[in-house]
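The listed protein sequences correspond, in order, to chains S and A. The numbers in the numbering used here rise by one with no breaks, and the one at position 17 of the first sequence is 31. The numbers in the numbering used here rise by one with no breaks, and the one at position 335 of the second sequence is 1206.
FYI, nobody ran anything at the bench for these hints, they're computed from the structure. Hints should not be assumed to be uniformly reliable.
[What the hints assert, rightly or not] Sample of chain S residues facing chain A (criterion: CB under 7 Å; computed from the structure):
no., residue
1, Ile52
2, Ala53
3, Val54
4, Cys59
5, Ala63
6, Ala65
7, Ala72
8, Trp73
9, Leu74
10, Arg92
11, Ala95
[As the list claims (entries may be wrong)] Label pairs and their computed distance ranges (CB to CB):
no., chain 1, residue 1, chain 2, residue 2, range
12, S, Pro104, A, Arg1021, 56 to 62 Å
13, S, Pro104, A, Leu899, 33 to 39 Å
14, A, Gly938, S, Glu78, 22 to 28 Å
15, S, Asp76, A, Ser1313, 47 to 53 Å
16, A, Met884, S, Ser91, 55 to 61 Å
17, S, Arg112, A, Arg1235, 35 to 41 Å
18, S, Arg112, A, Ala1324, 18 to 24 Å
19, A, Arg895, S, Pro104, 44 to 50 Å
20, S, Glu78, A, Ser1339, 48 to 54 Å
21, A, Ala1324, S, Ser91, 24 to 30 Å
22, A, Arg1018, S, Asp76, 24 to 30 Å
We put the CB at the ideal spot given by N, CA and C, even for glycine.
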Amino acid sequence: MTTLAQPADRLAPVRPIARGLPVPGAGILRLGPAGRTIAVVYGTCLLLALAYPQALVAWLDDFEPNPAVDAAQACASRLVALSESLGLAPISGALRERGKDLTRKPD
Amino acid sequence: MLFPTIEFALFFMLVLPCTWLLNRRNTLKKAMLVIASYVFYSFWSVPFLLLLFLSSLFNYGVGLLVGRIADPGRRQWVVGLAVAGNLAPLCFFKYYDFAAAQLRALAALAGLHLDPGSTGLAVPVAISFLTFHGISYVVDVHRGKVRASRSLLDLLLYISFFPHLVAGPIVRAAEFLDQLARPSDPKAIDLGGSALLILGGLFKKVVVASHLSILFVDPVFTNPQAYGTVDLILAAYAYAIVIYCDFSAYTDIAIGVANLLGYRFPRNFDQPYIALSLQEFWHRWHITLSTWLRDYLYIPLGGSRLGRWLTYRNLILTMVLGGLWHGAGLQFIVWGALHGVGLAAERLLREATDEAGRVRQFLRGELGQTIRWLLVFHFICVAWIFFRSADAGSACDYLATILRRVGDGAPLTASPLVLVLMMAGFLTQLLPPSAYDAADRSFRKVSVAAKVALGTATIWAVIMLAPSGVAPFIYFQF
């Protein structure tokens, strides 16, 4: 039976991260402490990008246009579309405006 | 590159897996971290990368030299020159213009024309912390607390490691170089404690410190004459909260980030505003700076070994120099002097009263402790007014306005939101160290998905509540 542990054994540099990969038959991916840390950091950043993609779009808008920025902006647009379809971007956008109002000086 | 930015998130997402992938190849990992740290610093200034490199190279060479010299007298000379060498760039970039201005003013008073010119240069970010780390390394090699590093790579990483590079905490060579000798133990990652430090730090900086500064502290300190006594006093309290939330946020995030990379940094804050004496305050506030000042300034000056009056002198001198380190301005010198005189007065009181006498018994009682807390907290707040003001004159004006406007019925401008933020900021510093262990225990029990959800929800809430644009951390200017 092929398990996820076998490829990890062949990849020595990955071992510290993948330590504690699944016991044969366990059926779930078990990560070592470093792997868990990376998974939590990446998961948090990706979920944040999905929950409030407008920040990413605004950040990319500040760059001079070039092919890499164009590609990143295209990805960000798809992320916005996905977030909007899930109803997350509009909620974040509305709440963010409220947040900015806290320190906005009256006209 | 500020911690609470997309740039840093992307940077860290790249550095974190690289660090653990290279963990078994320690030299390669350290080289990668040095490059990452130089990239991190280059976001502020590319030319000053040379200063960072030369400082590391200089201290590496001096460390080896000091390690080889057997004669204590000669070694002391070399260490003295090395300390001067470390201080020279700091003095040039940070204090030359200030000293030149003072000289010009003094000469004008004497009716003379003197123009020593000015550097016309910006103070390099991190120069103070760079200096602290350099001096600490050379002196510790001299004192035998750490062996001279044979690896230039280790020293480059010790001086430039990006979590502590810009605003601390000040990490001792003995604490850090040992950690570089072997691969990090992934089991030592305190994910829960680090998460609490990073998420709590983001909340303190982005929500509490930024809003309080924009809404209340900055306007009041910019034009104190426009406010009444209550607002002025509240703004002084608010600044005490702001500086705690701002600075502890930076070092908390730095400690958390370093831990996720497999390195331990010392604690820098421990509930500072519950202190019942100024001595206790300095055991709880910017701990790595106060212990640095104690070990590399107060003790070499003679500490408490030279008799009562010289001890007081050493306390005051140490704190004045500590104040001057914060910035080239009379207001910082006054801030340091106030703390120095306060510490000396506390010592005088301790020495003048009997341990088992009535005064000490009263001070140990509930009422005595309440009075002590009130006195210490307000003393610290008055000193912060000097620290926050543009110059010493403005600080004196601020204090005079508090007294002048008593009872003039000026309307209160501090909004309920300001009061809520002040309360929230004050409560964050009451979090005991045991809370981090408890957070780690709880965090270990939940799944990766739950950890991600918790982290995302917290950061999302912080982003939603953030003002437009987050100001740099206060300590970046030091």
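ask   = Which hint numbers does the structure go against, in order from smallest to largest?
value = 5, 7, 9, 10, 11, 13, 14, 15, 16, 17, 20, 22
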